[in-house]
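Residue numbers (our numbering), protein chains in the order written: chain A, 1 to 530; chain B, 1 to 339; chain C, 1 to 227.
Hints listed in this document are in silico derivations from the structure and should not be mistaken for laboratory results.
A few of these clues could be false.
As the list claims (entries may be wrong) - Chain A is faced by these chain B residues, among others (derived, beta-carbon under 7 Å): (1) V10; (2) Y22; (3) K316.
Said to hold, decoys possible - Simulated crosslink set (EDC-like; lysine to aspartate or glutamate; CA at most 16 Å straight-line): (4) A:K453 / A:E423; (5) A:K3 / C:E76; (6) C:K116 / C:D88; (7) B:K47 / A:D326; (8) B:K160 / B:E216; (9) B:K313 / B:E216.
In this text, a Cβ means the ideal position worked out from N, Cα and C, and glycines have one as well.
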Amino acid sequence: MEKRLTLVTAAALLAVIGLLPVLAMVTSSFYISGSFSLKAYQTLLASSQQYALLLGRGVLLSLLTSALATIVGVPLGVLIGKTDLPWRGAFAVLFTLPLLIPPYLIAVAWGTVVGKGGWISQAWPSATSDLLSAAFFGLPGCTGVLFTAFMPIVMLLTITYVGAVNPRWEEAGRLVSRWPNVLRRITLPLIAPAILFAAILVFLLAFGEVGVPTYLRYPVYPVEILTQFAAFYDFGAATAAAIPMLVITLAILTLEYRLLHNSILELKPVVPGAARSQIALGSWRFLLFGIVLGWALLTVLLPLAVLLIQSASPSAYGEALLRASDSIVRSLAFAVIGATALTLLGFCCGYLVHSRAPPLWRSVDALALFLFTLPGTVIGIGLISLWNTPMTNAVYGSPAILILGYLAQYTVLPMRITSATLERVPRSLEHAARLCGASWFMSLWYIVAPLAKRGLIAAWLISYVFCLRDLGISIVVYPPGSDTLPVRILTLMANGAPSLIAALCVILIVVTLLPLGVVSLWLRHGARQS
Amino acid sequence: MKKAFWIIPVVFVALAIALWRYYSPGGAPTVVVYVSHDQVFSEPILKDFEKETGIQVRAVYDTEETKSAGAMNRLIAEKRNPQADVYWANEPIRAEVLRQQGIAAPYISPNGAGIPETFRDPNGYWTGFAARARVLIAHRGTSPKPTSMLSYTDPQWRGKTVIANPLFGTTTTQIAALFVLSGDERGRAFMQGLRDNAVKMSPSNGDSADLVARGEFAFSLVDSDDVVNRMKQHQPVEMIYPDQGANEIGCFVVPNAVVLIAGSPHPSAGEKLIDYLLTKETERRLAFSDAAQIPLHPDVAMPPYLQPIASIKVMKVNYMEIASKLQTILPFLKNWAGF
Amino acid sequence: MSMIEFRAVSKVYPGRLVIDALSLKIEAGERVVLFGPSGCGKSTVLHLIAGLVAPESGDILINDELVAAGGRNLCELEQRGIGMVFQDLALWPHMTVSENIEFGLRARKVPDKERKKRVRDVVDLVGLGDYLNVKPGELSGGQQQRVALARALALAPRIVLMDEPLSSLDEALNIQIRKEIRRLQGELGFTLVYVTHNRDEAKDLGTRTMHLRNGRIDSAFNMGHSS
Numbered sequence: 001m002e003k004r005l006t007l008v009t010a011a012a013l014l015a016v017i018g019l020l021p022v023l024a025m026v027t028s029s030f031y032i033s034g035s036f037s038l039k040a041y042q043t044l045l046a047s048s049q050q051y052a053l054l055l056g057r058g059v060l061l062s063l064l065t066s067a068l069a070t071i072v073g074v075p076l077g078v079l080i081g082k083t084d085l086p087w088r089g090a091f092a093v094l095f096t097l098p099l100l101i102p103p104y105l106i107a108v109a110w111g112t113v114v115g116k117g118g119w120i121s122q123a124w125p126s127a128t129s130d131l132l133s134a135a136f137f138g139l140p141g142c143t144g145v146l147f148t149a150f151m152p153i154v155m156l157l158t159i160t161y162v163g164a165v166n167p168r169w170e171e172a173g174r175l176v177s178r179w180p181n182v183l184r185r186i187t188l189p190l191i192a193p194a195i196l197f198a199a200i201l202v203f204l205l206a207f208g209e210v211g212v213p214t215y216l217r218y219p220v221y222p223v224e225i226l227t228q229f230a231a232f233y234d235f236g237a238a239t240a241a242a243i244p245m246l247v248i249t250l251a252i253l254t255l256e257y258r259l260l261h262n263s264i265l266e267l268k269p270v271v272p273g274a275a276r277s278q279i280a281l282g283s284w285r286f287l288l289f290g291i292v293l294g295w296a297l298l299t300v301l302l303p304l305a306v307l308l309i310q311s312a313s314p315s316a317y318g319e320a321l322l323r324a325s326d327s328i329v330r331s332l333a334f335a336v337i338g339a340t341a342l343t344l345l346g347f348c349c350g351y352l353v354h355s356r357a358p359p360l361w362r363s364v365d366a367l368a369l370f371l372f373t374l375p376g377t378v379i380g381i382g383l384i385s386l387w388n389t390p391m392t393n394a395v396y397g398s399p400a401i402l403i404l405g406y407l408a409q410y411t412v413l414p415m416r417i418t419s420a421t422l423e424r425v426p427r428s429l430e431h432a433a434r435l436c437g438a439s440w441f442m443s444l445w446y447i448v449a450p451l452a453k454r455g456l457i458a459a460w461l462i463s464y465v466f467c468l469r470d471l472g473i474s475i476v477v478y479p480p481g482s483d484t485l486p487v488r489i490l491t492l493m494a495n496g497a498p499s500l501i502a503a504l505c506v507i508l509i510v511v512t513l514l515p516l517g518v519v520s521l522w523l524r525h526g527a528r529q530s
Numbered sequence: 001m002k003k004a005f006w007i008i009p010v011v012f013v014a015l016a017i018a019l020w021r022y023y024s025p026g027g028a029p030t031v032v033v034y035v036s037h038d039q040v041f042s043e044p045i046l047k048d049f050e051k052e053t054g055i056q057v058r059a060v061y062d063t064e065e066t067k068s069a070g071a072m073n074r075l076i077a078e079k080r081n082p083q084a085d086v087y088w089a090n091e092p093i094r095a096e097v098l099r100q101q102g103i104a105a106p107y108i109s110p111n112g113a114g115i116p117e118t119f120r121d122p123n124g125y126w127t128g129f130a131a132r133a134r135v136l137i138a139h140r141g142t143s144p145k146p147t148s149m150l151s152y153t154d155p156q157w158r159g160k161t162v163i164a165n166p167l168f169g170t171t172t173t174q175i176a177a178l179f180v181l182s183g184d185e186r187g188r189a190f191m192q193g194l195r196d197n198a199v200k201m202s203p204s205n206g207d208s209a210d211l212v213a214r215g216e217f218a219f220s221l222v223d224s225d226d227v228v229n230r231m232k233q234h235q236p237v238e239m240i241y242p243d244q245g246a247n248e249i250g251c252f253v254v255p256n257a258v259v260l261i262a263g264s265p266h267p268s269a270g271e272k273l274i275d276y277l278l279t280k281e282t283e284r285r286l287a288f289s290d291a292a293q294i295p296l297h298p299d300v301a302m303p304p305y306l307q308p309i310a311s312i313k314v315m316k317v318n319y320m321e322i323a324s325k326l327q328t329i330l331p332f333l334k335n336w337a338g339f
Numbered sequence: 001m002s003m004i005e006f007r008a009v010s011k012v013y014p015g016r017l018v019i020d021a022l023s024l025k026i027e028a029g030e031r032v033v034l035f036g037p038s039g040c041g042k043s044t045v046l047h048l049i050a051g052l053v054a055p056e057s058g059d060i061l062i063n064d065e066l067v068a069a070g071g072r073n074l075c076e077l078e079q080r081g082i083g084m085v086f087q088d089l090a091l092w093p094h095m096t097v098s099e100n101i102e103f104g105l106r107a108r109k110v111p112d113k114e115r116k117k118r119v120r121d122v123v124d125l126v127g128l129g130d131y132l133n134v135k136p137g138e139l140s141g142g143q144q145q146r147v148a149l150a151r152a153l154a155l156a157p158r159i160v161l162m163d164e165p166l167s168s169l170d171e172a173l174n175i176q177i178r179k180e181i182r183r184l185q186g187e188l189g190f191t192l193v194y195v196t197h198n199r200d201e202a203k204d205l206g207t208r209t210m211h212l213r214n215g216r217i218d219s220a221f222n223m224g225h226s227s
C-alpha cells in the first residue's frame with residue numbers, strides 16, 4: 001500500500017511539476033485578453049513558409065550534429081570502453097567535460113580562437129582567417145560547437161552498452177574471425193538500438209538549442225520562439241510557434257519508443273567488475289592513442305585553455321569574485337538542493353519504471369524524456385503561466401520555482417540511472433526483507449539503497465551538474481536578486497571585460513567538477529580501505 | 001545505513017532552511033527592480049542605493065537582447081501578479097509599452113524637475129534620464145564620412161555598411177521614429193533601400209561597432225556608448241552625430257526610462273529608488289562610466305568625449321507615437337529581417 | 001483445518017498462463033515438495049503463498065484466513081508468518097551474518113536483549129556459531145545456506161518456503177543440508193513447502209510430493225519417509 005501510494009505520488013508530482021506548466025502555456029495560447037482566439041495559430045499558418053525554412057535549418061543543424069556525434073562518438077566509445085587504449089579513463093573524463101558546461105560558453109571560447117581578431121587571425125593569412133571566421137559564424141560553427149557539446153552522450157552510452165554484450169558471443173565470433181569483423185558483425189549490431197537512441201537524443205537536444213545558434217548568427221526555429229518573446233512581447237504567438245517543435249519532438253520520441261525501447265531494455269548495462277572481453281590494439285595502440293589525444297587537445301583542451309589564458313590574471317579572478325561571489329554561492333546551494341530533490345523524485349520514478357508497474361511506468365518514462373528534450377525557456381515560460389499567481393507567490397517568488405524547473409526538466413536523468421542501477425540488485429533481496437517483516441520503506445532504506453549506493457551517488461552528481469549548468473529555465477524564472485552563475489555570466493557578457501567573463505567561466509567549470517573530484521577521491525579511499 | 005549517510009539529508013535541510021530564512025520577508029526593507037540597462041553599469045548604482053538607504057535591492061538583469069526572453073517580457077508575463085517594483089528601461093519605448101499594457105503606475109518624482117519634457121511622460125508613467133544618442137560609428141579610414149541616417153541608401157556605400165537587427169532594441173525604436181516622422185511609405189522605402197544597398201545585418205549594436213572598428217564595414221548606426229567604448233580602447237573609429245543640418249531630421253536620442261510598476265509589492269521603496277535614479281549625481285556617474293550616458297539634467301559634469309544634450313540637434317519625436325508605430329510595423333520588420 | 005489452501009488459483013504472466021485453476025491443500029506440519037520441470041509454475045506457487053505476487057483469480061487461504069482473493073492480496077507479506085529461502089539465497093551482501101538474521105527481528109521491534117538471544121539460538125540451531133560477524137561473501141556455499149535457513153527461521157514462522165535452495169551445491173553438501181532441513185522441521189514443527197526439479201531431493205525431503213505440469217497438478221502421492 002505504501003509502495004503503491006509513494007510511486008503513484010511520484011508519478012503525479014512529475015505530471016504536475018512538468019506537464020502542467022506546458023499544458024498551461026499551450027492553453028493560454030488559445031486566449032487573448034481572456035477570450036478564445038485562434039489568432040496566434042492563424043499568424044503561424046500565415047508565416048508557414050518562413051517557419052518551414054527555419055525548421056528546415058534546425059533539422060539540418062540537428063541532423064549534422066547528430067551524425068557527427070555518432071560517427072565520432074561510437075568509435076571513441078569502443079576505443080575507451082573495449083580496448084587497451086592508454087589513458088582511456090582520463091579520455092572518458094576529458095571528452096565528457098564539454099557536456100558539463102553550457103554550450104554557448106564553448107562557442108565563446110572558440111570565437112576567441114577562430115573569430116575575427118582571434119588567435120588564428122593573428123597567426124594566419126587574413127584570407128584563411130576570414131574564411132574560418134565566416135564558417136564559424138554560421139552552420140559549420142554551430143555544428144562544430146554542438147557536436148563538441150553533445151558527442152559525450154553518444155560516447156558514454158556506447159561505453160556503457162558495449163560492455164553489456166555477452167562476452168561468450170564475442171568469443172564465439174573471435175574463434176572464426178578477427179576483432180574488426182566481430183565488432184562490425186556482432187557487437188555493434190547488438191548495441192545498435194542504444195546507439196540510435198543516443199543519436200536521437202543528440203538530435204533533439206540540438207534541435208531545441210537556442211544559445212549557440214543565436215550567438216553564432218544561424219537563425220533556426222527555436223530562435224524564432226525567442227524572437228516572439230524578446231521583440232514582440234507576444235506570448236500567445238511564441239507558444240503557438242513552439243507547437244511545431246513540440247509535435248516534432250513528440251513524434252520522434254514516439255517512434256523511438258515503438259521501435260527501439262524494448263530492444264534497449266533487453267540490453268543490461270554493464271556490471272562493474274564483471275568480466276568483459278577487451279581488445280588488444282597491438283601495433284595500432286600508439287597511433288590510435290595519438291589520434292585520440294590530438295582530438296582531445298583540439299576539441300576539449302583548446303577551448304578550455306582559451307578560457308584559462310584569457311582569465312590569467314589575479315585581478316580577473318578578484319573582480320570575478322567581487323562581482324559574482326553571491327551568484328556562485330547561490331548556484332551551489334540551488335544545485336545541491338535541486339540534485340537532492342531530483343535524486344529523490346528520480347529514485348521513485350526509476351523504481352516505478354524498474355518494477356514495470358503497468359501501464360503507468362511507460363507514461364512516466366516517456367513524460368520524463370519528453371520534458372528533458374524541451375527547450376528550457378519553454379518550460380520556464382510554462383512555469384510562469386502556472387505559478388505566478390497571488391496564491392502561489394510563496395513558491396514563485398522564491399528559489400522553489402527554480403527547483404521545480406529542474407525537477408521538470410531533468411528528472412529523466414536520475415530516473416534512468418536508478419532504473420539501470422536497480423536492474424543489478426536482485427529482486428529477491430528486497431523480497432527477503434519484506435518477508436522478514438520490513439515495510440517497503442524499511443527495505444528501501446536498509447537493503448536497496450545501500451546496495452544501489454553507487455548508482456544513487458552517480459544520479460546525484462549528474463543531477464548536480466545539470467542543475468548547476470542550467471540556463472534556459474534559470475534565466476526566465478530566477479527570483480529577483482537570485483541569479484545563478486550561468487545567468488550572471490550571460491548578463492555580464494554585455495560590456496563585461498573578456499578576462500572577467502573567462503574567469504567566471506573557469507570558476508563555473510571548477511565548481512561543477514569539484515564534487516565529482518571529491519566523490520571520486522572518497523570512493524577510491526573507500527575501495528582501498530575495504 | 002552508515003551514519004555518514006545521515007549527513008546528506010541534514011545538509012539538505014540546513015541549506016533549505018537557510019535559503020528559506022534568507023528569502024522570507026523579514027524586517028529589512030526591499031525593492032525589486034528589473035533592469036534592461038547593462039548590469040556592468042547599473043549594478044554599481046543600485047549597490048550604492050542599497051548602502052545609502054539601507055533598502056535591499058533585488059534585481060533581475062537583462063542580457064543582450066537576442067539571448068533571452070528579457071526582463072521586459074518577464075514584466076509582461078507577471079502582469080497579473082507583479083513581482084517588480086521598478087523597471088529601469090534602457091529606452092522609453094519599453095516604458096511606453098508598459099504604460100499601454102496597464103503595467104506602469106504614475107509617479108512624478110521631484111528629482112525629475114529639470115529634465116526636458118520631451119524625455120518624460122506628461123502623466124508621470126515614465127521619466128527619462130541619462131541618454132544615449134543614435135550616432136554613426138565610422139572607421140577612420142572611411143572617406144568621405146557619412147552624415148545622415150539616409151547615407152545607408154547611398155549607392156557609394158553599397159555592401160559596405162552594417163546595421164543591428166531591427167527587431168531589437170534601439171535600432172527598432174529609431175526605425176519606428178523614422179516611420180513616425182516621414183510616414184509609412186518613406187519608411188518602407190528606406191528599409192527597401194537598405195536591402196537594395198546590401199546592408200549587412202548584425203545581432204546587436206555592439207557587434208556592429210566591432211565590425212566597423214575592425215574595418216570590415218565603413219559605418220554603422222549604433223548607440224553613442226558603443227562608440228565611446230571603442231574609442232577608449234583606441235580603436236580606429238569616429239563618432240558622427242547624424243542629420244545635424246538645418247533641414248535635417250536631427251539625431252535620435254534614447255534616454256533610459258524609469259517606471260513604477262502598478263500593483264507592486266513595495267511601492268514606497270520603489271518611489272525612493274526612482275528618486276535616486278533621477279538625481280544629477282546618478283547621471284554624472286553614468287556619464288563618466290563606460291556607459292557614457294549623456295545627462296539630461298542641465299549643469300551636470302561630463303567627460304569631454306560626450307556632447308551636452310543642449311548642443312545636439314535632437315530628433316523631435318513623441319515616444320508615445322513611436323511606441324504605437326512600433327507595434328504596427330513589427331510584422332513588416334519581421335518580414336524584412338527574414339523571420 | 002489446512003495451513004495452506006489454494007482454491008482454483010490462476011496466475012498469468014505476459015503472454016503465458018503459468019498457474020491454471022490450481023487447487024491444493026497443505027496441512028500443518030507437512031513437508032510438501034513441489035516437483036516438476038523448469039517453467040511449470042513451481043516457484044510461482046511459492047510466490048503466491050508468500051504474497052510476492054497476487055493471483056489473477058481464485059482464493060488463497062493461510063491458516064484458514066483469506067489472504068488473497070478477487071485478483072489481489074488481502075494480507076501483507078510480513079503478516080503471513082512465512083519464512084523463505086530463495087533460490088539465490090538473497091543474503092544481503094553488505095550486512096554481517098548477525099545483521100542478516102536479526103533484520104526481521106529489528107523490523108518487528110523486538111527488544112535488543114531478546115533479539116540477541118534469538119539470533120544466538122537460531123545460529124546454534126543451524127551450527128553457525130563462529131561466523132556472526134562475517135559477511136556472507138566470505139562464507140562457503142554450505143555456510144551461506146545455513147545463514148539463509150537461520151534468517152528464515154529467526155521469526156519462528158509457521159510456514160517455511162524453499163525455492164530450489166540446494167541446486168548449486170555438490171552432492172555431499174546437498175545431502176548434508178537436506179538432513180539439516182529435515183531435522184529442523186522435525187524440531188520446530190513448521191510447515192515446509194519445498195520446490196525442486198531434483199528427484200532425489202523430492203524423495204528425501206517430502207512427506208508428500210505434488211507433481212506440477214503446465215501450471216496444474218499432474219499427480220499427487222504420499223511418500224513415506226522416516227525423518
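Now for the hints, and whether the structure bears them out:
At its closest, the beta carbon of B:V10 sits 11 Å from a beta carbon of chain A; the interface hint therefore is violated under the 7 Å criterion. Interface restraint check: B:Y22 against chain A, minimum CB-CB distance 9 Å, threshold 7 Å, status violated. With 7 Å as the threshold, the beta carbon of B:K316 stays out of range of chain A, its nearest partner Cβ sitting at about 26 Å, so the hint is violated. At roughly 13 Å between alpha-carbon atoms, A:K453 and A:E423 fall within 16 Å of each other, so this suggested pair holds.
For a cut-off of 16 Å, the pair hint linking A:K3 to C:E76 stands: about 12 Å separates their Cα positions. Using a Cα cut-off of 16 Å, the hinted pair C:K116 and C:D88 is violated, with the two alpha carbons roughly 26 Å apart. Under the criterion of a C-alpha separation no larger than 16 Å, the hint pairing B:K47 with A:D326 is consistent with the structure, at around 13 Å. At most 16 Å may separate the alpha-carbon atoms for a hinted pair to count; B:K160 and B:E216 meet this at roughly 8 Å.
About 30 Å separates the Cα atoms of B:K313 and B:E216, which puts this hinted pair outside 16 Å; it is violated.
Figure legend: structure checked against the earlier numbered hints; hints not met, in rising order: 1, 2, 3, 6 and 9.
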